[in-house]
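Kindly produce the complete structure, drawing on both the sequences and the hints.
So you can see what is in the structure, the chains are spelled out below.
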Amino acid sequence: MVVGASPAQRLWPALARTEQREEPLEGLDRIAAGLQGRFIRRRVNERERQFATGILQVSEAMRDFTEAQFDERVLAIRERAHRVARLDPEALREAMALGVEAIRRTIGLRLYPEQVLGALVLHRGEVAEMATGEGKTVTAILPAALAGWTGQGVHVATVNDYLAKRDAALCEPAYARLGLRVAVLQEGMKRGERRRAYDADVTYGADKHFIFDFLRDRLEAPLAPSVVSSVLDEVTHADERSAWTGLVVQRGLHSAIIDEADSVLIDEAATPAIIALPAPDGMGVDTMDHFAAGLGLARELEETRHYIADARAHRVSLTRAGRERLAEMAADPVRCLPPFWAGPRRREELVVQALNALVLHRRDDDYIVRKDAQGKHEVVIVDRSTGRVLEGRQWQLGLHQAVEVKEGIEPSERRHTAARVSYQRYFARYRKLAGMTGTGWEVAPELWRTYGLRVVRVPTHRPIARIERPDRVFAKEEEKFKAVADTVRRAHQKGQPVLVGTRAVRDSEHVAQLLAEHGLVCKVLNARHEAEEAAIIERAGAAGAITVATSMAGRGTDIKLDDAARRAGGLFVLAVERHHERRVDRQLFGRSGRQGDVGEAAALVALDDEMLVRYGLPPLRWLAKVCPPALRVPLTRLLVRQSQHAATRRWMLMREEAGKIDAWVDLAFHQQSR
Amino acid sequence: MAGRRGRDIATTFSDLWYRVGPTRPALSVHARVVRQYYGPSVTYIVEDPASGQFYRMSESAHFFLGMLDGKTTVDQAWQACNDQLGDAAPTQREVIELLSRLQMFGLMLGESALDAEMLEQRLHKARQQRLRKRTGRWMFPHVPLVNPEPVLRRHASLCRALFSPAAGVLWAILVLVALGLVIANTGRFGDALNHVAQLSPTTIATLGIVFIVLRILHELGHAVACKAFGGRSTEIGVILIAYVLPLPYCDASSAWLFPKIWPRVAVSLGGIFAESVLAALAALYWALGSDPTWTSIAYQVMLVSGVSTLLFNLNPLLRYDGYYILSDLAGVHNLTQRSREMLKYLLERYAFGLKGARGPSYRSAFEAWLLVVYGLLAMPYRIFIAIAILLLISSQYLTLGVVIAVVMGALWLVYPILKSIGYLASESRLEGHRARAWGVTLAALAIVLGPVMLAPLPTPAYAAATVEPARMAGLRTLEDGWLAELLIEPGQAVEAGQVVARLENLALRAELELMQARLAQAQTQYRASLTGQPAEMEEYSQALLLATEQYERVRRRIADLVVVAPVSGRLSPLQGQASSDMLAMVGGFLRRGTALGMVISEQELVVRAMVPDRDHAFVFRGQDAGDVRARVRLANEPGRVVDADVLTIAPIGSRDFSSQALSSQAGGSVMADPRSSSERPMALTPSFVIDLRLIEAPTAAVSGVRASVRLDGPRLPLGVRWWRRASQFFEGRTWW
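Chain order of the listed sequences is A and B.
For the record, in the first sequence the residue sitting at position 345 is 345 according to this note's numbering, with numbers rising by one throughout.
For the record, in the second sequence the residue sitting at position 297 is 297 according to this note's numbering, with numbers rising by one throughout.
A hint or two may mislead.
To be verified - With a cut-off of at most 25 Å between alpha-carbon atoms, the simulated SDA-like pairs for lysine to any residue come out as follows:
(1) K660(A) - T11(B)
(2) K419(B) - R650(A)
(3) K660(A) - T91(B)
(4) K344(B) - V448(B)
(5) K376(A) - L399(A)
(6) K419(B) - Q36(A)
(7) K71(B) - T417(A)
Source of the hints: derived by calculation from the structure; they are not laboratory data.
Given below as structure tokens:
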């Protein structure tokens with residue numbers, strides 16, 4: 001049994017240069033690759049079904065094995081997996097069957113054919129789309145075990161610590177039965193602990209841990225410029241701790257299975273992972289007090305006359321009049337800017353930055369203000385699609401400080417990037433990448449284009465019993481919020497547990513207040529209440545429970561119904577607003593009707609919802625407003641689809657832009673790559 | 001690379017700074033940095049001697065680069081820049097861009113020496129780039145042939161002498177004299193032009209040779225000029241235009257490093273200088289010389305050098321010498337690319353409403369205008385030249401021409417269209433303005449193409465035709481006999497009743513003599529019987545009558561030995577025979593009723609045209625034959641167009657030729673089916689034969705002459721016409 005990886009094991013994979021596209025695709029190539037991704041996404045076929053059935057049959061036959069017999073077979077397969085690059089179908093069948101049987105013996109679950117199908121898809125390095133509640137966690141055991149047996153370590157990534165811990169705890173007995181060690185990465189672990197975690201056969205963790213450990217490794221132990229010098233280095237320092245392999249935590253990126261693949265690979269990839277350190281002396285100019293000055297100037301400008309805020313493109317630009325006004329103000333000695341920012345070019349840049357903070361970034365939507373451990377206020381970013389706080393992340397280039405000044409908080413120390421890698425480039429480094437998600441179909445083109453991942457849809461085991469009601473449409477937001485209370489009350493009176501989904505933190509609090517006014521007691525789950533997440537989710541499935549949540553409740557949370565709730569008609573999910581991404585809507589609705597349970601889902605749409613205003617085509621919106629009521633629902637559905645499409649596209653382009661910049665710098669400075 | 005350029009580099013800070021900030025690079029000693037005056041301002045050029053690439057940078061960037069000595073960090077240098085230059089200091093993004101560019105050139109020295117792996121990668125990149133140049137972007141591969149540098153170096157003083165002021169004066173005198181001579185002989189010049197324009201095979205051959213010689217001289221001129229002003233020229237080779245036409249080139253790019261404007265311009269002019277010397281000498285010989293062959297070659301030298309200089313070399317709209325001269329004189333570098341960026345910027349800013357769009361930087365209003373005007377002129381001119389080259393190539397080489405036309409059409413037309421679609425569909429900068437961008441583009445297309453596609457235009461159809469007589473009469477012998485003589489040569493005009501040929505029949509003559517004798521005997525006997533018995537007289541009178549009758553009959557047969565033209569017209573051999581066949585009959589025996597030839601009436605001629613069936617459907621759809629306007633151009637009088645009426649239209653189409661002269665085997669323009677027999681050739685595609693009557697027959701209208709006919713169908717919009725053509729094309733073809 002291998003305990004810890006040898007230096008050689010650590011060294012080689014890090015040196016082996018993985019095949020990477022040098023530059024992201026552009027223009028027609030990009031369109032072609034997108035079309036290709038759309039074209040090759042598929043459903044599972046008959047051959048795979050037969051293979052899955054075959055695995056289940058073989059595993060049936062293993063039920064009579066004694067423990068010793070079982071161990072013997074495991075050892076044989078493991079030895080083989082260690083040796084050959086690819087298992088032949090016969091061996092693959094047996095290996096999978098061993099996994100199925102191990103799960104039955106330890107966790108007590110019998111896998112469905114659909115789960116085995118999902119496992120096959122993962123093993124092949126594709127993205128399995130499995131409906132929510134189909135037992136993805138257990139499914140991942142089979143491919144992870146196969147990868148673990150090769151001895152190179154497999155990373156199972158998910159969206160947060162809570163889910164990683166839960167999944168690892170659930171699966172550990174099965175892995176142990178298969179002779180594999182499991183470890184979980186958690187926030188606050190020391191480097192030594194992390195190193196041990198990576199030495200395990202299967203490492204569970206939130207995606208950010210994997211990527212930041214990678215970055216920290218690069219920081220602590222920069223790679224020597226070439227293979228030759230690395231090896232020389234290693235040999236000459238073989239017995240010292242300073243050797244490169246003694247410093248790094250990870251032992252190469254071999255294979256990864258990503259739970260909630262679309263969230264990790266697509267949504268989180270919008271911003272690169274950055275390790276920022278407080279600026280050491282001599283780095284950067286003294287820029288601490290200019291934000292206030294910039295904001296002061298920005299507050300005096302008028303919209304449309306002096307600047308144009310393009311919410312859709314998320315961009316502010318100054319008009320000619322704005323520039324002139326700025327020049328006038330700058331000439332005023334009373335509110336003069338620091339000399340560094342006084343020139344026209346930097347002055348305008350500073351004011352645009354301030355306007356960005358003022359106009360485009362909104363409190364309790366894009367960010368929240370909370371108290372940190374020392375009782376000081378701080379601005380933290382809320383992720384748009386997961387609704388979670390992005391711990392320790394800052395907007396770059398002074399934007400964060402500008403927002404802090406806007407909120408009247410002492411601007412935090414400006415930090416400088418010390419290492420950075422985009423999600424796109426990090427995950428593309430894995431030799432073998434697989435993912436599973438409930439919603440991958442829509443992002444198939446992008447997954448193919450950026451990661452070369454193909455999406456395969458796995459059918460549900462039981463038909464979905466969830467009833468999805470058509471959207472209810474309102475002209476004004478206020479009318480909509482009035483209807484929320486009524487709708488919730490009706491379901492509540494039936495005894496159904498209710499989950500109200502909102503987009504922004506602000507909305508969730510507003511809804512909670514409304515419900516309280518109507519005498520309905522509810523629990524709120526948003527970025528401010530992450531600590532209580534587990535407890536809130538636990539109770540959300542009880543009869544009569546009312547939970548108001550942002551899209552935080554959308555991913556991986558398993559709301560278990562009690563019997564009374566099931567009798568009352570299951571969980572009722574009410575989306576107060578359509579999200580920018582259709583996937584997020586689908587995830588939220590997927591909280592109800594899990595594993596064939598009954599359930600209900602509905603969404604409310606107001607024609608002045610932020611998303612429709614920002615992304616909807618004006619003529620279509622106007623039409624929906626003035627048309628006869630009979631046409632309003634279908635027209636609104638069209639409008640929602642169109643807006644979601646536009647929004648999704650917009651964010652996709654921003655992600656690609658982020659990836660491009662990284663690729664470009666890598667290309668120019670690749671020998672210093674870190 | 002293109003997407004990178006447009007990225008905003010105006011923000012002072014960059015989150016990528018951590019990568020370069022702490023490093024301590026220095027410019028490699030191999031890099032040559034040259035200060036250059038460009039118009040009113042100063043720029044710096046860095047040359048990578050290994051790859052021959054150049055990078056141009058601003059003064060502030062150069063200031064920054066100057067501070068990097070390998071001991072200072074990039075960050076320190078940048079801060080120092082900020083202290084000294086203030087707002088004009090390069091932004092972090094600009095610095096990163098500058099350093100990464102130099103890094104890619106291999107011109108930066110880092111803290112650690114470059115390792116072998118890196119060098120290898122770089123070499124690979126450079127090799128790829130060179131290969132791309134060789135294999136030819138836009139189908140213009142470069143094949144290097146010789147390195148003129150050693151020879152030039154040995155004769156450097158000669159080079160300098162050739163480009164000295166004295167040489168300039170001599171050159172001016174020579175050119176002025178030559179021009180004077182040409183102007184004095186303007187008339188002769190025009191005549192010779194007509195002669196050359198006929199493009200006989202010999203002319204084409206000599207033109208080709210003259211062209212190549214001139215080009216070689218031109219390129220040598222650049223090389224010599226480059227040496228004369230202290231540069232190096234290390235490569236002379238051949239560009240294969242479209243892989244077919246060889247064109248010499250010379251790499252004189254070291255001249256780009258000349259600090260002063262005038263030497264740079266002189267190097268650009270060197271080629272034209274050399275060419276003009278030869279052209280002037282040729283003009284002298286042409287005006288004064290006597291040998292006709294050499295005179296014509298001298299003329300061609302003048303012509304070719306004049307045309308290529310004015311149309312290509314001195315023309316700044318194409319990227320030849322004129323272009324570089326213009327950019328040097330106006331002090332504007334990268335004209336083409338920047339004018340394109342400028343137009344794109346104007347389009348994005350004003351047509352698509354992109355408020356944040358950023359154009360190329362320019363230093364003065366003059367430069368901005370130059371970019372705009374140049375862009376607007378150059379693009380159409382280039383398209384025009386491209387299409388002209390396409391047409392020229394495809395007309396010269398038939399099958400190869402089609403292949404080249406398809407490939408070039410794809411490169412010059414289809415690829416830009418696809419690229420624009422890609423730009424409109426996925427350019428991230430257009431986000432938020434995409435609907436407008438599409439709208440504006442489609443609207444502009446509709447405005448330009450709408451009238452063209454929708455306005456009814458005459459639908460011309462062109463057909464090959466021959467002039468044919470409307471009537472003709474055969475010449476047949478009336479009596480057996482040997483053809484004694486043809487009185488009229490075939491092809492000559494005859495009057496009705498005029499004798500065309502005379503036959504000889506000796507047996508008939510003998511019979512006539514016999515009959516004459518018999519007649520005389522009968523007369524004598526009759527006269528003698530007048531004195532005898534009345535019954536006897538009766539008997540002889542009968543005999544006399546018989547003899548007279550027999551004699552008369554033979555005499556008439558003799559008279560029939562003459563062949564007389566039945567109608568006025570022109571004597572012509574039989575269909576399918578030549579006049580020599582007719583002449584060969586002289587002396588031969590002809591049976592009665594043998595056809596000798598025919599007389600073709602010239603009073604009435606028709607033009608018989610073969611209209612391809614696909615055009616037939618167009619022209620005669622929805623209008624009467626009488627309404628169709630037809631115009632005829634005769635091959636022997638190409639300058640004149642004659643109106644004609646449609647007389648008859650063949651009811652069915654067929655693949656027979658209305659006249660053999662139209663078949664491609666006989667040099668006509670209608671493709672003959674190679675599988676058909678040579679006795680009865682068939683056309684490749686069916687056509688309808690229509691007869692046209694010329695409204696006023698020109699004198700040149702002689703039967704047998706080829707003609708081309710233009711038929712105007714009903715006025716149809718272009719869109720409808722293309723649609724019908726397309727459906728015709730797909731009609732009757734099985735595609736799946």
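Hints versus structure:
no.: 1; hint: K660(A) - T11(B); result: holds (17 Å)
no.: 2; hint: K419(B) - R650(A); result: holds (21 Å)
no.: 3; hint: K660(A) - T91(B); result: holds (20 Å)
no.: 4; hint: K344(B) - V448(B); result: holds (19 Å)
no.: 5; hint: K376(A) - L399(A); result: holds (20 Å)
no.: 6; hint: K419(B) - Q36(A); result: holds (19 Å)
no.: 7; hint: K71(B) - T417(A); result: holds (23 Å)
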